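Spelled out from the first residue to the last, the chains are:
Number of protein chains: 2
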Amino acid sequence: MNKKIILKKRPVGFPDKDTWELISENKPTLKDGEVLVKTHYVSLDPAMRGWLNDSKSYIAPVAINDVMRAGTIGEVIDAKGATKFKKGDVITGWGGVQQYFSTNGEGHFKVDISLAPMTKYIGALGMPGMTAYFGILEVAKIKENDVVLMSGAAGAVGSVAGQIAKIKNCKVIGIAGSEDKCKYVVDTLGFDACINYKEENIYAALKKLAPEGIDVYFDNVGGEILDAALSRLKMHARVVICGAISQYNSKEIQGPKNYLSLLVNRATMQGMVVFDYVARYKEAGLQMGTWMHQGKLISEEDVYDGIENFYDTFNRLFTGQKRGKLVLNVL
Amino acid sequence: MNKKIILKKRPVGFPDKDTWELISENKPTLKDGEVLVKTHYVSLDPAMRGWLNDSKSYIAPVAINDVMRAGTIGEVIDAKGATKFKKGDVITGWGGVQQYFSTNGEGHFKVDISLAPMTKYIGALGMPGMTAYFGILEVAKIKENDVVLMSGAAGAVGSVAGQIAKIKNCKVIGIAGSEDKCKYVVDTLGFDACINYKEENIYAALKKLAPEGIDVYFDNVGGEILDAALSRLKMHARVVICGAISQYNSKEIQGPKNYLSLLVNRATMQGMVVFDYVARYKEAGLQMGTWMHQGKLISEEDVYDGIENFYDTFNRLFTGQKRGKLVLNVL
Chain A
0 MNKKIILKKR PVGFPDKDTW ELISENKPTL KDGEVLVKTH YVSLDPAMRG
50 WLNDSKSYIA PVAINDVMRA GTIGEVIDAK GATKFKKGDV ITGWGGVQQY
100 FSTNGEGHFK VDISLAPMTK YIGALGMPGM TAYFGILEVA KIKENDVVLM
150 SGAAGAVGSV AGQIAKIKNC KVIGIAGSED KCKYVVDTLG FDACINYKEE
200 NIYAALKKLA PEGIDVYFDN VGGEILDAAL SRLKMHARVV ICGAISQYNS
250 KEIQGPKNYL SLLVNRATMQ GMVVFDYVAR YKEAGLQMGT WMHQGKLISE
300 EDVYDGIENF YDTFNRLFTG QKRGKLVLNV L
Chain B
0 MNKKIILKKR PVGFPDKDTW ELISENKPTL KDGEVLVKTH YVSLDPAMRG
50 WLNDSKSYIA PVAINDVMRA GTIGEVIDAK GATKFKKGDV ITGWGGVQQY
100 FSTNGEGHFK VDISLAPMTK YIGALGMPGM TAYFGILEVA KIKENDVVLM
150 SGAAGAVGSV AGQIAKIKNC KVIGIAGSED KCKYVVDTLG FDACINYKEE
200 NIYAALKKLA PEGIDVYFDN VGGEILDAAL SRLKMHARVV ICGAISQYNS
250 KEIQGPKNYL SLLVNRATMQ GMVVFDYVAR YKEAGLQMGT WMHQGKLISE
300 EDVYDGIENF YDTFNRLFTG QKRGKLVLNV L
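Chains A and B, in that order, give the protein sequences.
Residue 232 in numbering that gives the first Met the number 0 sits at position 233 of the first sequence, and the numbers go up by one each step.
Residue 239 in numbering that gives the first Met the number 0 sits at position 240 of the second sequence, and the numbers go up by one each step.
No lab work stands behind these hints, which were simulated from the structure alone.
Some clues are possibly wrong.
All copies of an identical chain are treated as equivalent in the list; a pair is satisfied when it fits inside any one copy or across any two copies.
[As the list claims (entries may be wrong)] Taking lysine-lysine and the DSS-like style, the derived pairs with C-alpha atoms no more than 27 Å apart in a straight line are:
hint	residue 1	residue 2
1	250	170
2	207	142
3	142	55
4	170	55
5	8	256
6	8	142
7	167	281
8	233	55
9	26	207
10	165	8
11	16	2
12	207	182
13	295	55
14	206	55
15	140	109
16	140	85
17	140	79
18	256	233
19	256	86
20	206	256
21	197	30
22	206	250
23	83	26
24	250	233
25	85	37
26	207	55
27	2	142
28	256	140
Note that this is a predicted model, so its numbers are computed, not measured.
So that you can see chain A by itself, here it is in the shape it has in the complex:
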């Protein structure tokens, strides 16, 4: 049988348990040219909250009664006819929150698990890592000695983007939601400093840690933290709008009231979606893999077991009860 999570209704605000349903059905029957994939790990990402809304966005919303969209990594266990992948291949792509799926292989990529464990390919070597890489290098266009402020610093994207900024000789200040996370960000990831936004006044902390202001703010969270960052921009600063996790469950988005700092400081605020860089994922993966092997880039996955725990695990994205990349083992 195949256990899968399907979308039952569109949530308003914080999704309740009835938003999804766990169902069990027969494993898919293969058509010619298709492979059957047994999913090992499902990637849980803040962006998934946006895919529940029935509004124009960078990707179509998940349809009601469809399997919940998610990035996955799994093993090809069967194949029929001439197929792109063969039995035993490990492939990553959009498998959704389910244990098995069939595909002709379009949009899926084979990975080499002798180079890195499976979970890395949906973490630092997957979508969050690609987001970090292209966001900090191509959108923020960091330069040596830039002062970089990183929200969600212990998260899947922020932890990688901040370390890349360190590799490029920037001064990097993180923002995270607990003392433990801040300690991890500084002691393990090597950021120069970290602000615990739940305990500290961000405005005061930023004034102390970046008295000269910031060149780059990489925003994963939105809300008050975005406003605090805007208040400390240097001339010609760049703000990357990568995400806004503090706002995804709000009925009304909080607009940045300090946006006129862009005018005063001739600064730029630019949005990004990682899918635009798909043609360059390989280049980025090679570079990041190299940094990992050199010990310059550390990534951590926080893995929870059981497809029946999807709801509680997904919520950890919003409660902050996780560190690094959030992963669900659906076996």
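Fit chain B to the given chain A structure using the hints.
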């Protein structure tokens, strides 16, 4: 005697009459190397409201008891020793809201009033015109066939920026605050359409006028209009933050709650201050003068008389009771 407007206190919200005082004092006595200038026209600009606030900005606030800062054009009527300008020269610069001032000429420029009337040099050939020119060409980076949305379309900056976009073969939609202004924007300035935001629903009007979305939004106003524009961005759209007149008298700035449209559309929001382009004013002035002589660029100044009417005239910026460049004749 020299009549002058001095700043008496820092307003909170809409400035009341006691914000300034009209005083009369002796004309300045010249030091060696200085000229005495009799000001003809004072430029009244939305940015002046910002200069009243005691906060970090792109320029220092006007000090209490100092003459109110303003761009001016006037005639040199006396000179002492070796001076940059000579009697009879007409010069433009930061003379402030007063009838006479002395200067060594630093930051002032001589203009040729046989080419254009005085008021043009504080309008389309002055700061507002330069703002329009560099904002639309260098910051928005307009290209042929771009759909350009222009707020404050009947104003000093918007009217010029929109016409430049027309010269560059863009589709230009204006937003203005009355039927009269909209008629002027379309019939006289040649915009493709104009939305009267006081009567029409901007969201609905934009959907109708730009069904394909907008490539460029040039923002002079902020507030609800900025949010409406953000809701209609095309992929890779550019938003120029030039001003926010709807917010200058607010105690709290309204942040753009649709800012995540920047993410969805991989769009850019960039602030500008015209002073950054001072080295290129001459190039811009030549180009704009040429367009004027060719009849491609129309500009209008709305001139009011009497320094004693400074307060009421300045308020027209915020009530919208003016068209084109607002000018005070201080004689």
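Status of each hint after checking the structure:
1. 250 to 170: Neither way: residue 250 and residue 170 sit 36 Å apart in one copy and 35 Å across, limit 27 Å.
2. 207 to 142: within (22 Å within a copy, 43 Å between copies)
3. 142 to 55: Only across copies: residue 142 and residue 55 sit 26 Å apart there, 35 Å inside one copy, limit 27 Å.
4. 170 to 55: between (37 Å within a copy, 24 Å between copies)
5. 8 to 256: between (33 Å within a copy, 25 Å between copies)
6. 8 to 142: Neither: 45 Å inside a copy, 43 Å across copies.
7. 167 to 281: within (20 Å within a copy, 40 Å between copies)
8. 233 to 55: For residue 233 and residue 55, the Cα distance is within 27 Å only across copies (12 Å; inside one copy 34 Å).
9. 26 to 207: neither (57 Å within a copy, 48 Å between copies)
10. 165 to 8: Neither, since 43 Å and 47 Å both go past 27 Å.
11. 16 to 2: within (17 Å within a copy, 72 Å between copies)
12. 207 to 182: within (18 Å within a copy, 53 Å between copies)
13. 295 to 55: neither (39 Å within a copy, 39 Å between copies)
14. 206 to 55: between (38 Å within a copy, 14 Å between copies)
15. 140 to 109: Neither. Shortest intra-copy (30 Å) and inter-copy (41 Å) distances fail the 27 Å Cα cut-off.
16. 140 to 85: neither (40 Å within a copy, 49 Å between copies)
17. 140 to 79: neither (46 Å within a copy, 52 Å between copies)
18. 256 to 233: Both: 17 Å inside a copy, 23 Å across copies.
19. 256 to 86: neither (54 Å within a copy, 49 Å between copies)
20. 206 to 256: Intra 19 Å, inter 26 Å, cutoff 27 Å: intra and inter.
21. 197 to 30: Intra 52 Å, inter 60 Å, cutoff 27 Å: neither.
22. 206 to 250: The answer is between: 23 Å across copies meets 27 Å, while 32 Å in one copy does not.
23. 83 to 26: within (20 Å within a copy, 88 Å between copies)
24. 250 to 233: between (32 Å within a copy, 24 Å between copies)
25. 85 to 37: Intra 13 Å, inter 87 Å, cutoff 27 Å: intra-copy only.
26. 207 to 55: between (41 Å within a copy, 17 Å between copies)
27. 2 to 142: neither (47 Å within a copy, 52 Å between copies)
28. 256 to 140: Close inside one copy (25 Å) and across copies (26 Å); limit 27 Å.
The structure does not agree with the numbered hints 1, 6, 9, 10, 13, 15, 16, 17, 19, 21, 27 stated previously, though it agrees with the rest.
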